[in-house]
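Visitor: Now for the letters of each chain:
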Amino acid sequence: MTETIQNSVISVLIEDESGALARVVGLFSGRGYNIESLTVALVDAEQKLSRITVLTSGTPMVIQQIKAQLKRLIPVHDVCDLTEEGPYVGRELALVKIVSSGEHRTEALRIADSFRARPVDTTATSFVFELTGSPEKIDAFIELMRPLGLAEVSRTGIAAIGRGPSVFHLNKEPV
Amino acid sequence: MTAAERDAGTGNEALNGAEVLLRVLDEEGVEVIFGYPGGAVLPIYDALFQQDRIRHVLVRHEQAAVHAAEAYARSTGKVGVVLVTSGPGATNAVTGLVDALMDSIPLVCLSGQVPTKLIGNDAFQEADTTGITRPATKHNYLVREPGTLAQTVREAFEVARSGRPGPVLVDLPKDITVGKAPLTKPALSRLQRLRHQGGPDAEAIARTLEAMKTAKRPLFYTGGGIINSGPEASDLLRRLARKTGFPVTSTLMGLGAFPSPDPQFLGMLGMHGSVEANMATHGCDLLIALGSRFDDRVTGRVDAFSPNSFKVHADIDPSQIDKIVPVDVRIEGDVRDTLEALLEAWGDTPAPDLSTWWNQIASWRSVDGFGFTQDMTPSAVIRPQHAVRRLYELAKETGRDTFVSTEVGQHQMWAAQHFQFDKPNRWLTSGGLGTMGYGLPAAVGAQVAHPDALVIDIAGEASTLMNIQELGTIAQYRLPVKIFILNNHYMGMVRQWQELLHGSRYSQSYSEALPDFVKLAEAFHATGMRATHVGELDDVIRRMLEHDGPVVADICVAEGENCYPMIPSGAAHNQMLLGPDQDSEAAGLTEEGKMLV
Numbered sequence: 001m002t003e004t005i006q007n008s009v010i011s012v013l014i015e016d017e018s019g020a021l022a023r024v025v026g027l028f029s030g031r032g033y034n035i036e037s038l039t040v041a042l043v044d045a046e047q048k049l050s051r052i053t054v055l056t057s058g059t060p061m062v063i064q065q066i067k068a069q070l071k072r073l074i075p076v077h078d079v080c081d082l083t084e085e086g087p088y089v090g091r092e093l094a095l096v097k098i099v100s101s102g103e104h105r106t107e108a109l110r111i112a113d114s115f116r117a118r119p120v121d122t123t124a125t126s127f128v129f130e131l132t133g134s135p136e137k138i139d140a141f142i143e144l145m146r147p148l149g150l151a152e153v154s155r156t157g158i159a160a161i162g163r164g165p166s167v168f169h170l171n172k173e174p175v
Numbered sequence: 001m002t003a004a005e006r007d008a009g010t011g012n013e014a015l016n017g018a019e020v021l022l023r024v025l026d027e028e029g030v031e032v033i034f035g036y037p038g039g040a041v042l043p044i045y046d047a048l049f050q051q052d053r054i055r056h057v058l059v060r061h062e063q064a065a066v067h068a069a070e071a072y073a074r075s076t077g078k079v080g081v082v083l084v085t086s087g088p089g090a091t092n093a094v095t096g097l098v099d100a101l102m103d104s105i106p107l108v109c110l111s112g113q114v115p116t117k118l119i120g121n122d123a124f125q126e127a128d129t130t131g132i133t134r135p136a137t138k139h140n141y142l143v144r145e146p147g148t149l150a151q152t153v154r155e156a157f158e159v160a161r162s163g164r165p166g167p168v169l170v171d172l173p174k175d176i177t178v179g180k181a182p183l184t185k186p187a188l189s190r191l192q193r194l195r196h197q198g199g200p201d202a203e204a205i206a207r208t209l210e211a212m213k214t215a216k217r218p219l220f221y222t223g224g225g226i227i228n229s230g231p232e233a234s235d236l237l238r239r240l241a242r243k244t245g246f247p248v249t250s251t252l253m254g255l256g257a258f259p260s261p262d263p264q265f266l267g268m269l270g271m272h273g274s275v276e277a278n279m280a281t282h283g284c285d286l287l288i289a290l291g292s293r294f295d296d297r298v299t300g301r302v303d304a305f306s307p308n309s310f311k312v313h314a315d316i317d318p319s320q321i322d323k324i325v326p327v328d329v330r331i332e333g334d335v336r337d338t339l340e341a342l343l344e345a346w347g348d349t350p351a352p353d354l355s356t357w358w359n360q361i362a363s364w365r366s367v368d369g370f371g372f373t374q375d376m377t378p379s380a381v382i383r384p385q386h387a388v389r390r391l392y393e394l395a396k397e398t399g400r401d402t403f404v405s406t407e408v409g410q411h412q413m414w415a416a417q418h419f420q421f422d423k424p425n426r427w428l429t430s431g432g433l434g435t436m437g438y439g440l441p442a443a444v445g446a447q448v449a450h451p452d453a454l455v456i457d458i459a460g461e462a463s464t465l466m467n468i469q470e471l472g473t474i475a476q477y478r479l480p481v482k483i484f485i486l487n488n489h490y491m492g493m494v495r496q497w498q499e500l501l502h503g504s505r506y507s508q509s510y511s512e513a514l515p516d517f518v519k520l521a522e523a524f525h526a527t528g529m530r531a532t533h534v535g536e537l538d539d540v541i542r543r544m545l546e547h548d549g550p551v552v553a554d555i556c557v558a559e560g561e562n563c564y565p566m567i568p569s570g571a572a573h574n575q576m577l578l579g580p581d582q583d584s585e586a587a588g589l590t591e592e593g594k595m596l597v
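Chains as they are written, first to last, in the UniProt record's numbering: chain A, 1 to 175; chain B, 1 to 597.
By construction, these hints were calculated from the structure, which means they are not laboratory data.
Glycine included, each C-beta is placed from N, C-alpha and C at the ideal position.
Check each hint, because a few of them may be wrong.
Unchecked claim - Going by beta-carbon spacing under 7 Å, a handful of chain A positions derived as facing chain B: (1) G30; (2) Q64; (3) Q65; (4) I74.
Use the sequences and the hints to build the structure in full.
Guide: In structure tokens:
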């Protein structure tokens, strides 16, 4: 197969139960699929559903396999390929620590401002900026901060959702 | 508990978890459990002791419990049930669980666990069983609350038997089975979303029908899914083949779904398949895969697999479609429903004229790739193929319902090639995982399920030693299993690959210091027999078949025999090695292929 590698953002609605995330992660490692990033959190407390967003890559056949294999997992309620289904919004949150003084400090603040990054912790010698956006935007921010005292980065990986009024999980069967 | 006591139960009496478990197993129709006791499951064994509805078969090793349950399931269509203790009990079961996962066998494995309060403390005989078996099962559970016990066990059975069947493990901490637990009423399944809605897609059936009507060289490629779907699916397949006149080939796991002596049957395809099956797969213009999964043992080199065919793939598991070979039409659903829809769509259309195709198949068939010459001088060495063929012929003469299990290796392939099946569920083999040591415990499971049937384990001397302790189980339950060992003093398939791919350097593949199988049989209260020359073979087989108890027959066969035809790894279907005299490079034996398993 000489098919090209594509990136895909896949959303998974999964029951919030012990070991559920391990099943998803184990599926990816066991079958040799890539995980570029993965986020997970409870999104429906009543139905006990968590939403996992996985950024993955592979040939179209592999992406199809990933979705089909995810659907086989018993706790998985639904799988949606946001990349395939149409336009989506994908956002990542980053916390970026800068340790510097003097001109570097001022420059860091100026760049942060133009990226709409907010200082959420400030000391005489450091900032922690909170920044939300596409992974590319965060990459760019980090690159600019590197010479200005970049000390530490924590990123969430992307959370994504489809644009427009259509909803991913409409069928509300008994859980 | 007796039936009367059961009936007197109001559902409110205080039962402990173990009793609740057995009640649910009974509700689920469980008749037999294969297991081995230990500390963490003592409460369950105590409850078993105090009832008489469910039988327990005590194996000698937990791996064997799983294989026995697999064969029980495969030969009856029911869910097999296994009971093991925590820690080593559960880890010993893992090979069997993966075997069942690969071959889609419905099982429920109940494992003991240390009390919930001790989980995570490295307690005695503690293992993270749900963690270890997560990729080894279709699904698994750890029961943490007594209130969820009954429903969890019910759900485990539902998961095991629904959709594509598979093994499910339920881990049961000791406090859950000792303590009181409610026998909750069956609740509405939360798994309805997993069920396939409705029949096969009408448009996919229409496109398949169109292709079937215009095909000049069609072929049905059937797999284990037909067996899993039940005898009705086999029956529908036979009817569809009759109506259309299409040839049928089968995977290893699908043998028996279509009668192997039938002229429309081309035999097994794949690495050690028949010449006609592989050439037809390569040359067909329409390939209809029914409950088969394009395993690498079937496809050989994927980019050369059936290169000019229009492909249809019907499978209950959507993840199998387009996994290895991209297809033109996908049909999701139970293969029984697909066959029914195809049969109905075909209606009374007369069978098309496929005489050119059948003539071509006849010329491939004339190559007789399974052929061999047995020197019939009484003192001549027995060829393994001849031994299997005589076993088949003499077993057939008995007229008894016959179940065959195998171990893994050359003997397994010879059994698949030379033993004929005309009914489904009679052929028990480890296809996907290739587990040496499967056959002997599988024969136990099949004989427990079918006490009056003839059950034969066609074995190799190396494989059978991997679970030879089950001779103890066979003795205890007086199971009249026949263990037919093709003894060539080698791990034969390893030896064959070493000969063909590694310059005949037979590294560690000689079966040194073998036991005397006749004495071994006697030590386990069975009857031992031996045939060292072809003149003794028929007599040994006859005596084995006539004997009403367990028999170990040591059939000393030619040591250097290879299993042909063979599609070397990385080669295409039209590049078969037909025999020892053929130039191996012309047959697609390449350095690249050596990388493959």
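Visitor: Could you check if A/I74 really has its C-beta closer than 7 Å to a C-beta on chain B?
Guide: Holds. Min distance 4 Å.
Visitor: Does the interface hint hold: is A/G30 within less than 7 Å of chain B, judged Cβ to Cβ?
Guide: Since the shortest Cβ distance to chain B is 5 Å, the answer is holds.
Visitor: Is the interface hint for A/Q64 satisfied, with its Cβ closer than 7 Å to some Cβ of chain B?
Guide: Where the cut-off is 7 Å and the nearest Cβ of chain B is about 6 Å from A/Q64, the hint holds.
Visitor: Under the criterion of a CB-CB separation shorter than 7 Å, is A/Q65 in contact with chain B as hinted?
Guide: Hint on A/Q65: holds, closest Cβ of chain B at ~6 Å, below 7 Å.
Going down the numbered hints, you'll see the structure goes against none, and every one checks out.
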